[in-house]
Amino acid sequence: MTELRQTGNPAQPILAFDNLAVSFATPDGPVEAVRGISVAVGEGETVAIVGESGSGKSQAMMAAMGLLAKNGRAAGSVRYRGREILGLPARDLNRIRGEKIAMIFQEPMTSLDPLYRIGDQIAEPIMAHRRLDRREARARALELLSLVGIGDPGRRLRSYPHQLSGGQRQRAMIAMALANGPEVLIADEPTTALDVTIEAQIVALLSDLQRRLGMAIVFITHNLRLVRQLAHRVYVMRAGEVVEHGLTAGIFASPQHPYTQMLLAAEPEGRKRPPPAGAPVLLEGHHISVAFHLGGGLLGGPAFVLHALDKVDIALRRGETIGVVGESGSGKSTLGRALLRLLDSEGTIRFEGRDLRALSAAEMRPLRRELQVVFQDPFGSLSPRMTVGDIVTEGLRVHAPSLSAAERDRRAVEALADVQIDPAVRNRYPHEFSGGQRQRIAIARAIILRPKVVILDEPTSALDRSVQKQIVELLRRLQEEHGLSYIFISHDLAIVRAMADRVLVMQSGRVVEAAPTEAIFTDPREPYTRELLAAALLGETRAGMA
Amino acid sequence: MTDATVLVATSGRSLWSDAWRRLRRNRAAVASAVHLAVMTIACIVGPNLTGHPFTTIYEDYVRVPPSLAPYPQPDQIEPALVDTLKRARLELKSWRLDGDRIAIEATATRPIDDRVTRYLDRSSTFEEARVEARSSDGLAVTLSASVRRLLFLFGTDNTGRDLLTRTLIAGRVSLAIGLLAGLVAVVIGVLYGAISGFVGGRTDEVMMRIVDVLYSLPFIFLVIVLVVFFGRDFVLMFLAVGAVLWLDMARIVRGQTLSIKRQEYVEAARALGVTNAGILWRHVVPNTLGTVVIYMTLLVPQVIILESFLSYLGLGVQEPMTSWGVLIAQGAKNIPSANWLLIFPSLFLTTTLFALNFLGDGLRDALDPKDR
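Residue numbers (our numbering), protein chains in the order written: chain Y, 1 to 546; chain U, 1001 to 1372.
Source of the hints: derived by calculation from the structure; they are not laboratory data. A quick note: this is a predicted structure, and the numbers were derived from the prediction, not measured.
Output of the computed footprint for chain U on chain Y, the stretches with three or more beta carbons under 8 Å from beta carbons of chain U: (1) 378 to 387; (2) 393 to 400; (3) 440 to 451.
Pulled from the structure, derived: some chain Y residues nowhere near chain U, Cβ distances all over 12 Å: (4) A16; (5) A75; (6) D152; (7) H257; (8) A279; (9) A291; (10) G347; (11) R350; (12) A519.
For every residue, glycine included, the Cβ atom is placed at its ideal position computed from N, Cα and C.
All chains, full assembly: derive it from the sequences and hints.
Okay, structure coming up:
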């Protein structure tokens, strides 16, 4: 790693932000997203900009590339090789943008045009900037696809984006960005939407490309682990300001600013207290299978059957937390929905000895009070046109219809206070809250009914690390106070370790390993479990080597 | 927790109030809203203030051009006088305008009855006619009458009715049909679309195929059938137009519902044990309303145009009641001789349609979730 550190030379930056400020005009007055940051990127250097959501890290890049929303305004200066590019007319900017400075985005699903083949999408900027004909451009596209390590690049050239997996799409995006041999690659959270094992591959690819092509990379992320193994230097941003910057090793060894220290310490700590021995089994699933029939409608051809869940067994005891771990598509969320009877499934599901699958929707309704759920997306799981008070008390309307409005309101105040949300805000609407606050509201909605089992479907995945830590602590406290049992679905092993008594590792709809939490972490038996662990703990092991 | 229960809840900004604030900053939308409000008020109270009932025919003023000065104009008095006296079999000797009253000397070949004044009273130019003096043989008479001063700001139509009053009355009909038929379409469409999309499966298939079948029926044919069976009726118009336009609304709402029902808040409600009706009412329908409001502002002009078209064909409102469509149809026939008959009603119609479209545009911007 030491030879990497020497390539950067911030004294003669290729890209320099000097006192860059970005503000947005909103109905509530101007919002300052970036408050005068100075960042220098040397030739062939990888610079990481780290910060949580809302720290302004992405907006600074958008401003540099002239991509701000129309109510945004940038001040200060951004220089590429000494030339001011801030406020350059689009025509001049395009000569730099895409050719000298390329950008890749977070969401590979939406950054590619679904109507064009991958090959054409990569060839287009090449033809635009280099005046090559179609055949030469295609040859170059093929070359690029092999460069970013897509298997069978000749076939992928003719594929449409939806035929590619998330990791392949991100590779294709990188290929597009590399098309004109840029000197600077801005990667805006390029791995956030990907599974951990894919994330590790993309990071490895980027650092490999950087070494081979000698370009500078500006790597924007909220994930400190990635920064540690990739970047030469780190800038830590908070609320639009750079609070600390320096060499990666220095930042990690002795963080100066309390915010950096907090970010570094934001891994959830502590372990869950185990449930009493011999606690009764509350919720039990035996051989649960779920199959989705795709296609085949009135005029469609034969249906394609997708086995999302294949003979899964699970048994949850009172006071216990079972962590369900796996990558996207492994069936872990399907398992949660099947247990809640939100999906039809085969096999038996017993709750306190009653077979849930034999119950009709109406018979199931009283039991729903005992079985609650918290979803991943704090923005999608609260109805935008209902007040927080109405959202939290909706379950009471169903299960305690005799309660008066005043009584319901009192319960809402209690539940909100329980999740540390100021109850005075209960007449506000979800969009006025941050992601973490929304997730607390979703938790309040689940616990107001005093359930016995709560299924937590990736409740922390959409949140910043520091907020994740708070939610984990909140969930653990609620479990102790109310004697809850959790099924905790997550792809994040660090959080599962802090929450769960036992872990089920899932892959392609099957349980590949089921063991007590510590055993999974100290002595993983299955190769897939080891792979997951290696990807998740990459930063720590590399740091140990350095 | 007792101290928390007495907490005063602060009120929040709903998405609607946010949208309202955005809308207020959109000048075109605000101007359109003001225009629509003024138009509505004018159409409701206006006809009572113009001084002309919308059915009254002024024989002397057939197709007079719009004017800011009251009728009769000085050069119109004599022809009107000659005309009226001829009907009374009198011959005009001389006349003199004295303030508001006119003094007339007339002769006849036979003795003149006192009741000749009625001829003057019956005309639309004069009133309060009196016999002032008569000659001893009864063959000459001095009459006096006051001249009626009538204001026709928009001129008059082919039968001599005040166009301003009729345009405002027509506005009542057009706006009422637009609003009511729009409302009918929205209510049916939202319920139908939300149920179809939410229940899904075979129900959805059947319900949407019914919509497809209705789509394939020729609209005019449908209206003619309705008119034949139930006779011409104002209320029937609402029903006919609304019954056709809810189809679009149902499709739009169904599409919205399909995406809303996959939202996690709907799944969360299901997990809470909320009934389907509760989910539909509390979660699905409120979240479709943004789109519905926008579509409604585009639907209303469509209805107004449809009504105009039907009236033009003679299937809509009937004389002496009128609508903008009817007035425009009549005006179109008189372009060479009396273009004001076309200009004023079409000005009212087009500005209203413009305003509705601008307002719809502003609402779309204001309610666009991407701007949130």
